[in-house]
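Assemble chain B onto chain A, guided by the hints.
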Amino acid sequence: MISRRLIIPLASSLVVGSGIFLFWVATGFASCGGSNCFLVTGTQEGLSPQGQFIADLSFRHVDIDRGQRGTQHIDQVFTPKVNFEENLIEPNHHREVATLNNLAQFDLSYGVTADFTVQLAVPFFNQRVHEHYDGISASNPEGTFFRSDGTDGFGDVRVIGKYNLLTTTKHLLVGGLGMKFPTGEYNLRDSFGAINEPTLMPGTGSLDGLASMFYSYQIFPHQLDAFFSGSQQLNTKNSRGYLFGDITLLNAGLGYQILPYLNLSGQVNARYRPHDKFLGQSVDGTGGEWVNLTPGIRLQPNPTTQLYAFGQIPVYQRVNESNLVPSWGIIFGISKTFGLGSGGG
Amino acid sequence: MQQTRLQVLLILTGICFCAIVWSGLAGRPDPIDSGQIAPTFTLPNLTGTKVNFEQALGKVSLVMFWASWCHPCMKEMPEVQATFKKYKQQGFQVLAVNFGESNTTAKKIVNRFELTFPVLMDRRGDVAADYRVLGLPLSFFVDSKGVVRERVFGKIMTKEDLDKRVKHYLSEV
Chain A
1 MISRRLIIPL ASSLVVGSGI FLFWVATGFA SCGGSNCFLV TGTQEGLSPQ
51 GQFIADLSFR HVDIDRGQRG TQHIDQVFTP KVNFEENLIE PNHHREVATL
101 NNLAQFDLSY GVTADFTVQL AVPFFNQRVH EHYDGISASN PEGTFFRSDG
151 TDGFGDVRVI GKYNLLTTTK HLLVGGLGMK FPTGEYNLRD SFGAINEPTL
201 MPGTGSLDGL ASMFYSYQIF PHQLDAFFSG SQQLNTKNSR GYLFGDITLL
251 NAGLGYQILP YLNLSGQVNA RYRPHDKFLG QSVDGTGGEW VNLTPGIRLQ
301 PNPTTQLYAF GQIPVYQRVN ESNLVPSWGI IFGISKTFGL GSGGG
Chain B
1 MQQTRLQVLL ILTGICFCAI VWSGLAGRPD PIDSGQIAPT FTLPNLTGTK
51 VNFEQALGKV SLVMFWASWC HPCMKEMPEV QATFKKYKQQ GFQVLAVNFG
101 ESNTTAKKIV NRFELTFPVL MDRRGDVAAD YRVLGLPLSF FVDSKGVVRE
151 RVFGKIMTKE DLDKRVKHYL SEV
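Chain order of the listed sequences is A and B. So the first sequence is residues 1 to 345, counted in the numbering used here. So the second sequence is residues 1 to 173, counted in the numbering used here.
If we strip away everything but chain B, and leave its shape as in the complex, we get:
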């Protein structure tokens, strides 16, 4: 009786694993990628004012997800700030979405890097979930029509990288 139970378990084990692996059932949702409409959102900034993503339509936007514990994000911050300063007048917008941290923590980073672009607080990670964030740093270049043009994941973007991309997307507006 017991041996039978074990045999049944072994067979079920094999079937389950084979079925899962072959069907590609591994539960990772497809990432938001180029060509898709960027999910809209409304989030508070550091002063509590609600900022709607749709306000950014008509501009080239960089939606970047970040957190203070993400070291690559911290390396990227001054580069993003410099690029924002350079292209702001030409219609470039940065929406820096903090992933799950407190205002106090985010403010420290804002002060440290003297950030002037909007920092939005996604305390519960709901917007990150809409953008299917599974790791940081993750950024999306969104065109003036709200379409994702590029998804950059796990790479520290330099000023040159940013410059090249922003110039290109601005030229299309």
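So that you can see chain A by itself, here it is in the shape it has in the complex:
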């Protein structure tokens, strides 16, 4: 528990102390509950001004420690093991306790033209702390508690091109298309020497496609705005024959500029994901629907810098078969614009 408590302050120091900056991710939900916050940060969805960089450094933490069967709470969650050595799925292999997700990510976007921005998302530290009971048998019905089978490492890099489809005084519509590259490790071993659960790996090992849309409407310009966004990640099979379910994200929210340097927001974030598949067979406990309520705060100490923090509160969660679901999540970060001109306000 000590390391669990230390992880946020340590990561905070990393993020704040480095003085660099941030972005967004929506990595996979797993049979072991790997997940990260999915939301609209407000610093990452729009376009960068032409010739300018927006750098963004963020840290996300999600505690996945509540057992569910479908939408109902259960005390004990058994999940299968994907046995890559023997190419089979072992049902009810181990009992889940918790998966603690930590993700530090650096994002950089560049305004190639006034209407076209390229964004690079680098999840440079993707950690999953996995607590579970394994080795369950007739002689050891409770199994043995393990906390050593988590993983950490560099995740999968995304490159996204965003295009201005509509910009008027009150409307902004941005479309994005991109790819997720298999830069993260996906063959790490567990404490028994076997290939670990794919959902615990820092990377998926697959080359995936991304499509997104972001719309913002200024109800009261520079004071109250509404936004809607959606994205779809189309996943492909990795070299071990594992296919993560596609990810559909939908977000809607309001942002209110309460003071010139302070913005408060509230949003609803929904995610849908079908079962993962291994060699054509559905993996039990993967996929489901998750809806979160996400209050947030953004501080702008100067025109080129933003600090932000969001909390995620689950309001509806349904898992396929049974699995753990998040009890809460948090994201905070800093974003900085480089080379801001002295033009208009």
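No wet-lab data here; the hints were simulated from the structure. Glycine included, each C-beta is placed from N, C-alpha and C at the ideal position. Be aware that one or more of the hints could be misleading.
Claimed, not checked - Chain B is faced by these chain A residues, among others (derived, beta-carbon under 10 angstroms):
hint, residue
1, 166
2, 168
3, 171
4, 209
5, 211
6, 219
7, 250
8, 260
What the hints assert, rightly or not - Here are the simulated lysine to aspartate or glutamate pairs, EDC-like style, with alpha carbons at most 20 angstroms apart:
hint, chain 1, residue 1, chain 2, residue 2
9, A, 170, B, 30
10, B, 155, B, 33
11, B, 85, B, 114
12, A, 170, B, 114
13, A, 336, B, 114
As the list claims (entries may be wrong) - Take a look, some chain A residues computed to stay more than 12 angstroms from chain B by CB distance:
hint, residue
14, 110
15, 147
16, 322
This is chain B only, laid out in the frame that chain A set:
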């Protein structure tokens, strides 16, 4: 199957971007510019009285969009006030349209710069949308017939700049 899906997505991605870029579809409406009829509007001033743009017809008008967070706008305010004071009697009118702020905020600016020209409150930005405002400062010189003669965007106008323009447009009346 999965590789096929990815190939389809990649091809679609390429086609979409090429189509958008080549067709110049980027969604920025053409700005209101010289030669066009200035969009008319009715907005409340700081006391709540409705002011109709058509009341300004017959005069040379400067329709300027501003906000307190726009630093160039703040630099321009005293210059505009001085020009207004100088040419008011000769038929020069300023309609300073505040972009999206509260009366309290606008009043502070009025008091700070001792503005005497009408400040109009475009709380929801609808008039700004009609004038296709995408950034501030943005001003339009409108002649006595309601035709936009010049659009000035992203530039702080000095007293000399204003003087030259106002003199020129007044001479045409």
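Check each numbered hint from earlier against the structure, then list the numbers of those it violates in ascending order. 7, 12 and 13
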